[in-house]
Amino acid sequence: MTFTEAIQKTAVREIMPTNLSSAGIAQLSSDVRDRSFFSARTTNAVYLQKMKDMILKLLAGGSSPGKVRSELRGFLEELNYKPEKPGTIEDLGTDQRLDLILKTQTEMAKGFGHWKQGQSEVLLDEFPAQELFRAEDREEPRDWPERWEAAGGEFFDGPADYQEGRMIALKTSPVWSAISEFGLPYPPFDYNSGMEVRDIARDEAEELGLIAASEQLDPDEDSFADTATGTDGLDDDMLEALVRTAGGVLREGTLALVKGALR
Amino acid sequence: MSYAIEVEISNSITPAVRRLSRFLGSEAVKELIGRTGANLFRDHLFAYNRSHPNRLGGDRTNYWSQAARSANFKTVSDGAVVSVSGIGLNLHYRGGTVTPGKNHSSKTGRPTKYLTIPAIPEAHGRRASDFTGLRAVFGQRGGALIQKPAGTVKGASKAVKASLGAKTGRVVFWLVKKATIKAKPDIVPSGDALLIAVSRAVVSAANRSRKGVANA
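In order, the protein sequences belong to chains A and B. Numbers in this note's numbering are just positions in the first sequence, counted from 1, shifted up by 2. Numbers in this note's numbering are just positions in the second sequence, counted from 1, shifted up by 2.
Worth flagging that the hints you see were computed from the coordinates, not collected in a lab. Note that CB positions come from ideal geometry on N, CA and C, so glycine has one too. Treat the hints with care, since some could be wrong.
To be verified - If you only want the chain B side, here are some residues facing chain A, beta carbon under 10 Å, derived:
1) E29
2) G36
3) T38
4) F48
5) T63
6) N64
7) Q68
8) A70
9) A73
10) L93
11) R128
12) R129
13) D188
14) S192
15) A207
16) R210
This is chain A alone, in the form it adopts within the complex:
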């Protein structure tokens, strides 16, 4: 699959109107989230379709984030959208909310593209591992070493962003999905995260003891699973909310502040 094809995977995503909070959406299995282009508390399918179209345009270079933001705000006005809590992150028209969605969705598409391109037998053989590193500074960075360790990740010596050491693992390691807020093996690993991955070459991976000289890794299957449900593990209340609100109207309720979204 080419990078462009991978990015355009977003085009096959269903639009799932939902009034689940961002925290609630995080509980959905990653397959469902993968397949569904969503935004917490947004149940207007027309608006979601517009958002999806604008993001695809952004990824194709046909627009800029500022223009997309303006267009989406204008579209909300056409829909006569009235926010319940104006000026907060629950307000669909705020820069905060729109920026968060645009940033997360476009980065996720690029993350998937990079990951997918690396999944050929040849490239997995020559770059079997990757390193988690800080690409962008943040005022209040998350404790990634803590998260990495809790997910079973190992630390290695060498120049690192954190005193604990370098965070490196085989690409097939479950640690990548485990550190991800979205359950996906590619960045972004959380909302507004400045962490990224870089390939680790075979020679280095062998020196670090991550892989034996004769060992070969099997490419991972497409994370955009073509399953009908993917709701395993969803508790009954969440599943009921999902079924009831698909295609429904915006409901009263509070939106939990997205963890770290404003960092």
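Go by the hints and put chain B onto chain A.
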């Protein structure tokens, strides 16, 4: 808009790589070259992003990081093409002059007559339509979008204040008829860096292949 930078890397980039491509199989080598090139661009642009914050000091758009994330490759008949993309990327690389008129004003709906240049940190990465209460004022040396409430013109030199006369407000954007972007050839990794990285990757794969352990 200038959108992508593409660099073609031939699988004959050095005599050694050419020989090894016959040994390994040219398709495998092309993939290696492509991924290595894309990785180099990623690392280079992520590093560039960290060392080049915006001059106004406002919230960062991390433009170069976004370009880094877009780095990808495709194989072609005699090698691989590495691409990185982003609005204005090619313009930054080659330099050039930007003039208004390609977009439409959110206020009038007509083609824009001026470019807006951020004058305050909060304006970086933002459009004029993201602000409320802006009004345009013009003087001999150009124009500005200023924001109420009324007060002395802030953020402007003496000469510009004099030119704007009695107009008041905080300057949020400067209005200009054109902007010249200097070429930044250093946003692309050097040819030497590319050569070293590609050669290293191909030699490593070839060594493994000789030992009978590689997939290539």
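Status of the hints after comparison with the structure:
1. Checking E29(B) against chain A: minimum C-beta separation of about 8 Å stays under 10 Å; hint holds.
2. Because the closest C-beta pair between G36(B) and chain A is about 8 Å apart, less than 10 Å, the hint holds.
3. The beta carbon of T38(B) comes within 9 Å of a beta carbon in chain A, closer than 10 Å, and the hint placing it at the interface holds.
4. A cut of 10 Å between beta carbons decides the hint on F48(B): the least distance to chain A is about 5 Å, and the hint holds.
5. Because the beta carbon of T63(B) sits about 8 Å from the nearest beta carbon in chain A, less than 10 Å, this interface hint is met.
6. Given hint, N64(B) at the interface with chain A, holds; its Cβ is 5 Å from that chain's nearest Cβ, closer than 10 Å.
7. Interface restraint check for Q68(B): the shortest CB-CB distance to chain A comes to about 8 Å, inside 10 Å, so the restraint holds.
8. Hint status for A70(B) relative to chain A: holds, with the closest Cβ pair at about 7 Å, below 10 Å.
9. Below 10 Å, beta-carbon pairs count as interface contacts, and A73(B) has one with chain A at about 8 Å; its hint therefore holds.
10. Using the Cβ-Cβ criterion of 10 Å, the hint placing L93(B) at the interface with chain A is not satisfied: the shortest such distance is roughly 13 Å.
11. Of the supplied interface hints, the one on R128(B) holds, with its beta-carbon coming within about 7 Å of a beta-carbon of chain A, less than 10 Å.
12. The criterion of a C-beta within 10 Å of any C-beta in chain A is met by R129(B), whose closest approach is roughly 4 Å, and the hint holds.
13. Checking D188(B) against chain A: minimum C-beta separation of about 18 Å lies over 10 Å; hint violated.
14. The closest approach between the C-beta of S192(B) and any C-beta of chain A is roughly 19 Å, which is over the 10 Å cut-off, so the hint fails.
15. For the restraint placing A207(B) at the interface with chain A, the shortest Cβ-Cβ distance is roughly 5 Å, inside the 10 Å limit, so the hint holds.
16. Annotation: interface hint on R210(B) holds; nearest CB of chain A at approximately 7 Å, less than 10 Å.
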